[in-house]
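So the protein sequences, as listed, match chains F and U. Just so you know, the first sequence maps onto residues 4 to 348 in our numbering. Just so you know, the second sequence maps onto residues 342 to 989 in our numbering.
If you're looking for bench data, these hints aren't it; they were derived computationally from the structure. A couple of the hints might just be wrong.
Said to hold, decoys possible - Partial pick of chain F residues on the chain U-facing surface, computed with a CB cut under 10 Å:
1) 51
2) 52
3) 77
4) 81
5) 122
6) 145
7) 231
8) 234
9) 315
10) 318
11) 319
Claimed, not checked - Computed Cβ-Cβ distance ranges for the label pairs, DEER-style:
12) 611(U) with 190(F): 27 to 33 Å
13) 703(U) with 190(F): 47 to 53 Å
14) 283(F) with 611(U): 46 to 52 Å
Quick reminder that beta carbons are idealized off the backbone N, C-alpha and C, glycines included.
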Amino acid sequence: MFSLKRLSLLALAGSLFLTACDPDKEDPKVELPNPSERVYVVNEGYFPNPDGDISLFNTTTKTVASANLYNSVNRTDLGVNPQSMTIIGTKAYLAVTASDSLNVVTLADFRHSAGLHLKQPRYLVAVSATKAYVTQWNGYTLPGTVGIIDLATNRLTGTISTGLGVQPEEILLGKNGLVYVTNTSSNFLTVINPATDAVQTPIATPDGPKNIVQDNAGNIWVLCSSYAGTTDHLIRFNPATPATQTNISFPNDYRNGNLRITPAGDQVFVSLGTGTYQLPLTATALPATPVIRRNFYGLGIDKDGVIYGATPRGTANGYVARYTTTGTKIDSFQVGKYPNGFVFN
Amino acid sequence: MTAFWGGVLLVCSAGPAMAQSYPRPARTSLTDSVHALPDVQVRASRTARFAVGSRRLLIDSTALSQQRGGTLADVLSARNPIYFKTYGPGQLSSITVRGTAARHTAVLWNGFNISLPSLGESDFATLPASANSRVEVQLGPAGAAFGSGAVGGAVLLSSPLRWGRQGWASVQADAGSFGLWGGSVEGGFSNERVAAQVAASARTAQNDFTYAEPGTGRNRRLVNAALRHQRSVAEDLAWRVGSGGEVLASVWLTDTEREIQPSLGAANRHAMQRDRNRRVLLGYRHTISDRQSWAVRGAWFDDGLDYWDDDLDSPSRVFTTQAQAEYTAQLTTRLGVHAGMEVQRFDARISDYGRNLNEYRSAGFLLARYDPLPRLHLSAQLRQAVLPGQRPPLLPTVGGEWALLDRATQHLAAKASAARSYRAPTLNERYWSPGGNPNLLPETGMGYEAGLAYKGQPAQPSTLRWEAEITAYRQTVDNWVQWLPAAEYAGSYSPQNLRLVRTQGLEANAELGWRRPVHGMRVRAAYAFTQARKLEGYAQDTDPVGMQLAYVPLHAATLSTDHTWRGWQAGAALQLTGYRYTNAAAEEFLPSYLLLNANLGYTFRPGLVWACTLLLQGTNLANQAYQSYAYRVMPPRAGQFSLRVAWR
Numbered sequence: 004m005f006s007l008k009r010l011s012l013l014a015l016a017g018s019l020f021l022t023a024c025d026p027d028k029e030d031p032k033v034e035l036p037n038p039s040e041r042v043y044v045v046n047e048g049y050f051p052n053p054d055g056d057i058s059l060f061n062t063t064t065k066t067v068a069s070a071n072l073y074n075s076v077n078r079t080d081l082g083v084n085p086q087s088m089t090i091i092g093t094k095a096y097l098a099v100t101a102s103d104s105l106n107v108v109t110l111a112d113f114r115h116s117a118g119l120h121l122k123q124p125r126y127l128v129a130v131s132a133t134k135a136y137v138t139q140w141n142g143y144t145l146p147g148t149v150g151i152i153d154l155a156t157n158r159l160t161g162t163i164s165t166g167l168g169v170q171p172e173e174i175l176l177g178k179n180g181l182v183y184v185t186n187t188s189s190n191f192l193t194v195i196n197p198a199t200d201a202v203q204t205p206i207a208t209p210d211g212p213k214n215i216v217q218d219n220a221g222n223i224w225v226l227c228s229s230y231a232g233t234t235d236h237l238i239r240f241n242p243a244t245p246a247t248q249t250n251i252s253f254p255n256d257y258r259n260g261n262l263r264i265t266p267a268g269d270q271v272f273v274s275l276g277t278g279t280y281q282l283p284l285t286a287t288a289l290p291a292t293p294v295i296r297r298n299f300y301g302l303g304i305d306k307d308g309v310i311y312g313a314t315p316r317g318t319a320n321g322y323v324a325r326y327t328t329t330g331t332k333i334d335s336f337q338v339g340k341y342p343n344g345f346v347f348n
Numbered sequence: 342m343t344a345f346w347g348g349v350l351l352v353c354s355a356g357p358a359m360a361q362s363y364p365r366p367a368r369t370s371l372t373d374s375v376h377a378l379p380d381v382q383v384r385a386s387r388t389a390r391f392a393v394g395s396r397r398l399l400i401d402s403t404a405l406s407q408q409r410g411g412t413l414a415d416v417l418s419a420r421n422p423i424y425f426k427t428y429g430p431g432q433l434s435s436i437t438v439r440g441t442a443a444r445h446t447a448v449l450w451n452g453f454n455i456s457l458p459s460l461g462e463s464d465f466a467t468l469p470a471s472a473n474s475r476v477e478v479q480l481g482p483a484g485a486a487f488g489s490g491a492v493g494g495a496v497l498l499s500s501p502l503r504w505g506r507q508g509w510a511s512v513q514a515d516a517g518s519f520g521l522w523g524g525s526v527e528g529g530f531s532n533e534r535v536a537a538q539v540a541a542s543a544r545t546a547q548n549d550f551t552y553a554e555p556g557t558g559r560n561r562r563l564v565n566a567a568l569r570h571q572r573s574v575a576e577d578l579a580w581r582v583g584s585g586g587e588v589l590a591s592v593w594l595t596d597t598e599r600e601i602q603p604s605l606g607a608a609n610r611h612a613m614q615r616d617r618n619r620r621v622l623l624g625y626r627h628t629i630s631d632r633q634s635w636a637v638r639g640a641w642f643d644d645g646l647d648y649w650d651d652d653l654d655s656p657s658r659v660f661t662t663q664a665q666a667e668y669t670a671q672l673t674t675r676l677g678v679h680a681g682m683e684v685q686r687f688d689a690r691i692s693d694y695g696r697n698l699n700e701y702r703s704a705g706f707l708l709a710r711y712d713p714l715p716r717l718h719l720s721a722q723l724r725q726a727v728l729p730g731q732r733p734p735l736l737p738t739v740g741g742e743w744a745l746l747d748r749a750t751q752h753l754a755a756k757a758s759a760a761r762s763y764r765a766p767t768l769n770e771r772y773w774s775p776g777g778n779p780n781l782l783p784e785t786g787m788g789y790e791a792g793l794a795y796k797g798q799p800a801q802p803s804t805l806r807w808e809a810e811i812t813a814y815r816q817t818v819d820n821w822v823q824w825l826p827a828a829e830y831a832g833s834y835s836p837q838n839l840r841l842v843r844t845q846g847l848e849a850n851a852e853l854g855w856r857r858p859v860h861g862m863r864v865r866a867a868y869a870f871t872q873a874r875k876l877e878g879y880a881q882d883t884d885p886v887g888m889q890l891a892y893v894p895l896h897a898a899t900l901s902t903d904h905t906w907r908g909w910q911a912g913a914a915l916q917l918t919g920y921r922y923t924n925a926a927a928e929e930f931l932p933s934y935l936l937l938n939a940n941l942g943y944t945f946r947p948g949l950v951w952a953c954t955l956l957l958q959g960t961n962l963a964n965q966a967y968q969s970y971a972y973r974v975m976p977p978r979a980g981q982f983s984l985r986v987a988w989r
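So that you can see chain U by itself, here it is in the shape it has in the complex (with noise of 0.2 Å):
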């Protein structure tokens, strides 16, 4: 494993030496949950522990490392059956995590919602991702652990330190089709005491392909869709006070400013936007012992969403200020315990909301695990939050993991978990002016999974490895928030909890690794199968129930393969998209799509500390005409090469 995953760490920015030194976790495959533990804890806790019998894919260093200073869109995507609605290549992309809305998703980075509290959603393509992220899924519904939001799931990222690291650095410069420029460095000192990071990329694109006119054939180019830049600062910091204690600092800016693509057909009005989010957090942890440790965390966003346009000009800015305490304890070898308490304050200065407002949110939680015999393990959570004027549920949460067979050469475990979530009600969805709803209730919802997990490998000490899993879900979202026409003012809409909606699906997936001396491979497929439809709904909603809800594809799968063999990387990933309807009344579809991209790269070593590697990569290679979102064209094939050198 570590050889293989070695020769992948090169493009990580890292020399062979230090890859064996330090194996970073993110090795670990898509499907396991989380098992090596960084060694800085004072962030995000580990609530994977406590989430017995649920679902969470950690996304491989392969598809971060070959993204960098992509988005996290891109990268979630490349490998995996999530269905992103994109309005376009660098646009709006929003995530549908096993049926449900983009805002039923929440995404926190080190433990804190960076969701838009306006809006209640992240725009995945304002989101760059470096080498030194750290990015897991956890489908399903997990509202005691992430708290509003995580209803279809969450998305968690950070970015892990490690101590007694050393220096090292790499710099990487890119060129793309359609005028694509990017380029990153990163670096990073550790001792036993300090530990430093920084990642910093920078990207442009002008984005101006030519396409075929659907319908008439004719050839057009694509205007008004460049990202005139992103970029993005991350640093983290941590340091070693006294006896167990640790201070932690990190900071993550971003800034991205693009035209908005027009729809097809529509006349040019030349829309920008440009989102500015700036992060900074602080924390201490203090481990009391080997069984009890106790951690509080602060931090403070800075959210800008700025738009315009030949006629508009609506500029927005969030600020949030939140804080969290929490302490855990393995109280006996078998009861592990995590509680804790967060507050979050807003201050939105929106100019559609007529007035400057703020507002506060808190929750309590506790979390606790359970290991009655070594092939049985056990979790529950329970979280209660307190919002103004409103009385959200209480969230318990269970699960449960049993190994029904567990021999050297093989695995088995079923699982399980029952889960309740929340979405509290948007800032836009409450003081939106005029439309917005202060008698909103909160979205609640419940939801199940099942599933079976297996790996394998051969009776020697071998490097060969196989594993498989499959989930089954089901899951309801009720006072389902719709915007509808308002009757107050022209042309206006206004939210309202109108509807019921049950998800249910299947996941499966299967990958086979093997390593040998100079070679290794791996080869993966996954598959998701997903209805979402609105069981009930209020007069006032003339969308019709048991249609599958639009942009919500019935089938999504990949098929992805990698392989290291010298200096070479080669991979490739199909991502097969079923239809999606367009509409709530199932009326009308895009088609079937079909993505192959593919990377070719190769490293040399001029010494024992630098590393240079070449990446090739093609997406779109059977330059499909494709859409994600209605009448908004989609890149043809493309290339991008990027060179990469490394220190240490």
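Bound-form chain F, shown alone (with noise of 0.2 Å):
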């Protein structure tokens, strides 16, 4: 045993000289702007490793002030697959898709406030004061559901189904009172009545809905990209008659994705594969030229009109760049692993 003491000292110098040779890290503290100079970028991480995290930007010193807030915060992973952001209130919504978990944080200084255990979150929306519906794929085997949440305890309150694998997706509240249902995997709209929480007649749409907005004209916007088709759309309608609707095709690419739409509500925008397009809201065909050739897994705009595009690269750190409302880069910084999108205070 002579010999192993002497191992297990000769091990703790080891331990020291080797560490000593490891390179730096940085020391992630932060200092938080005033809300009204917040950015945030919700980054999905590589898959399946817990790195995705809410990146901060500061819109007036133009710096990231944390790449990796919520674990600079609170010294210790998100999760795996954060997919969404939403602020309700003095509070975040953090969905957090491959945990299982919705993460709730204190907006002020992005503390772990509660978190509450659901099945693939994916996307949420306040429907009143005390409420929020999430959507959740629950796998293949069940049920995609809208979860019903007490925003007072932050707790489940129940579930609503909108389908057997149709992965719900994204969720809007209308201008009247209803909420719309993006299933992914299927061919409709989920309509629901946050009053009753009962489920309407669904709204027929292309393959692969993925993306809805709502333009100050009343009318809803949704794009829809199938996984193997050949054409991919954007269709609006009038809530009030939403079996009429204007079809604007394009070709399938995965890459189709990203309807946004100006806080003002006034003009909607679309990244494709060919391009980030601008559209008024009376198009019926896509612009002959993209407003920015490029493609973005993450778009947003904010109420200045500047374009936010976000870029993946791979197992690195993504990365935004800006653009003015014409497409002129403006700059551009280095976020976290996979960027999918933003949240303007």
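Assembling the complex is the task here: the two chains are given apart, and the hints tell you how they should meet.
Here's what the structure looks like:
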């Protein structure tokens, strides 16, 4: 055992020597900018690693205050595949799909304040002061659902099925008070009356509805991109007459997505394989040329019309480029892995 | 030597009398080339003789006997700085030889490549080791000798048989931390006409240990990481027929069912994987004279890999049929040649290919060894493969060794070799649907190495010996395949020939052995410096050039010592692994770690032919929290107790 003891000492010395040779780790201390200066970037992370997080961009200093905000503040990983962040009042809700968790943080300091165990949460919307809906995939063998969350207690109080294996994704509270859910592995939207949690007649769409926005004229836009079809579609309808749809079609591409709208609801943006397009509310076809000749994995437009485009770089950190309304590049900055979207305060 | 290693051999199932009568070839040092040849030669050709100037490790029987029922990943990394990217206890273990990827190390069983044709690589956690195993590692490119995939190196497995050994048997039971239970049975018989041996093992482990969650430090219990079962049965049979003929048959069946450990923070989707591999070999060798022999061999493999979780069910199965023919001749006292050819046929039944498919591959090779002077040895190898729709390169290898010093007490040799290698695209790379790229080119490698090997012992016939070796190498791999997001389908990836990668490094080791009447000892240190960098890439490849590749430690070292004293055996090994970047941009890394493993055993002999061994093993004794693959926890300090009873 003599040699063992010696080896233990050697092990200790060796350990110290070894770690001394390791690269330096950055100090993750973070100074949070004022709420009005904050743009949050949702980074999915490199699946299945729990390295997704929220990056925080300061619009005044034009710098990244923190690339991994949640981890920096809370000193623990957010989880595997954070998909979305939704601000409700003074809180933000972070849906972490592959960790089956919904994390609630206090917006002021981004500290974890509550957590819910929910299977595969995707997107969230507050439907009243006390209630939110969250879409949940629930795998392929269980029905996709909309979970009902009590915002006072942060508990799941019920679920609404949207169909077996339909993978409910984005969710919109319409100006008419009804809630619209895109079921990505189907050809319909689920419509829910949040007052009663009752499901109404679904709205038929082309295959693969994945993004949904409502413009200031009250029309609902849905981007439909199927897994292996030949044509994808951007449809628009008046919620009062959902069967009457304006349909703009273009070739299928797995990169087609990111239907977004300006905060004022007066311009629609969509990022396709062929580029990022800006459409007027009355469009009946894609513009001839994109506003930016690039496709983005994440897209957002702030109240000043600045376009934020996110690009992942595999296992490396992704980056965000900012553009003017006319598509001129302003600047770019590095964020986390697989940035997929933006939240503006 | 023999007496000391005879002591070690007690752990390897045979009694002392047997140890002296039939010393095992595996008892030469780790760094020696293969010296002692097993009597039965019908299996893999002794290619080492034709690979002068390159480096080959022979994994010694100490490691093998202690890891009996364990996996080859444990055996290979126990006392050598060979890095395995391991996804948790009992989980996928990918080898990294000289900075290359797992698919760049060919794994051969008795001369046949057993890497999965679908993935093109081997999971070393599904290859159980037995005391019958002989394990060698060819370091550096060896395409001419071992064909596709031997770019970074090759792992050569065999289970040699010896004539005239009579009968022997042993049985062992193991119990260890975190619900580990295992057992193994080994035995055999041979006379001058027939030789047979069998090794069977089974193991199960819960792997439900507690770990501190990184960041919060909260204690958590690992879930869904159990080894449900791992079973292995290996049988070898040899039979002398007529004058100069030998028939040999071997079977190796393995079956591993394990839960797939989720990454930290991920929800448990109850992922499972079952690997079932059946391998059968039949061969015949005919010795024409002392100087000439020929052999034919056929092998049939059935490789099943099924994955399933809450949402998915992905079965796959590939059948491989292979045949080899070879001729070996010593043309003059100085010139020997070895020529042959081989044919492989793959039948893949993989749901993700969308269809069943089959494919033929063949190759011809010529190896030569020339010893122009007593102190100078040269070898040359040449192989040409034929693949459907592809033109793999001609693969030459040349090597030489010059004895600078050749005295009774000291031997110093300078050696050098240069070799070309290639890797044929795997079935997944070409046929996976969606994303498979049928136009993928073979990866090609070119490597050089040079080194010095020294051995010494005192002038008097002595029990002391020391040796040291240093090797520097550099190699490039072109058309390095990388999977990139594909334009055609959502979320799918497609492999592309994207890169030129260069690996270069230094390997050094030193060993001291001392044998006295009742005490034997050995101390060994080994170090590897490995620099692996992408030199060029195509525009679609966003990974930067000039950075150390992910999961290749720049520094790795082992320090080990083994002792025997009367019936006791004790050993300890330190494995030092430097930091590893975890992504291609070298933005993140896993910190260095140090593992201390030790073992203590005692053998007593109730009679002349019986031996009973108690063995205690401890792993990660410093209780280091570490990760081999990012976000997959590895086991804390653990112990294992084994009891072995051996007859003869």
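Now the hints, each set against the structure:
1. Satisfaction of the interface hint for residue 51(F) is found here, the shortest Cβ-Cβ separation to chain U being roughly 5 Å, below the 10 Å cut-off.
2. Interface restraint check: residue 52(F) against chain U, minimum CB-CB distance 5 Å, threshold 10 Å, status holds.
3. At a threshold of 10 Å, the smallest CB-CB gap from residue 77(F) to chain U is about 8 Å, leaving the interface hint in force.
4. Against a cut-off of 10 Å between C-beta atoms, the interface hint on residue 81(F) holds, since the closest Cβ of chain U lies about 8 Å away.
5. Below 10 Å, beta-carbon pairs count as interface contacts, and residue 122(F) has one with chain U at about 8 Å; its hint therefore holds.
6. Annotation: interface hint on residue 145(F) holds; nearest CB of chain U at approximately 9 Å, less than 10 Å.
7. A hinted interface residue such as residue 231(F) counts as satisfied when its beta carbon comes closer than 10 Å to some beta carbon of chain U; here the least separation is about 6 Å, so the hint holds.
8. Interface restraint check: residue 234(F) against chain U, minimum CB-CB distance 14 Å, threshold 10 Å, status violated.
9. Contact between residue 315(F) and chain U, as hinted, is supported at the beta carbon level, the nearest pair being about 9 Å apart and thus within 10 Å.
10. Hint on residue 318(F) holds. Least Cβ distance to chain U is approximately 4 Å, under the 10 Å limit.
11. Restraint check, residue 319(F) versus chain U: the minimum CB separation of about 3 Å is within 10 Å; hint holds.
12. Hint check: residue 611(U) to residue 190(F), Cβ distance near 31 Å, so the stated range 27 to 33 Å holds.
13. The supplied range of 47 to 53 Å is met by residue 703(U) and residue 190(F), whose beta-carbon atoms lie about 50 Å from each other.
14. At about 49 Å, the beta-carbon gap between residue 283(F) and residue 611(U) stays in the expected band of 46 to 52 Å.
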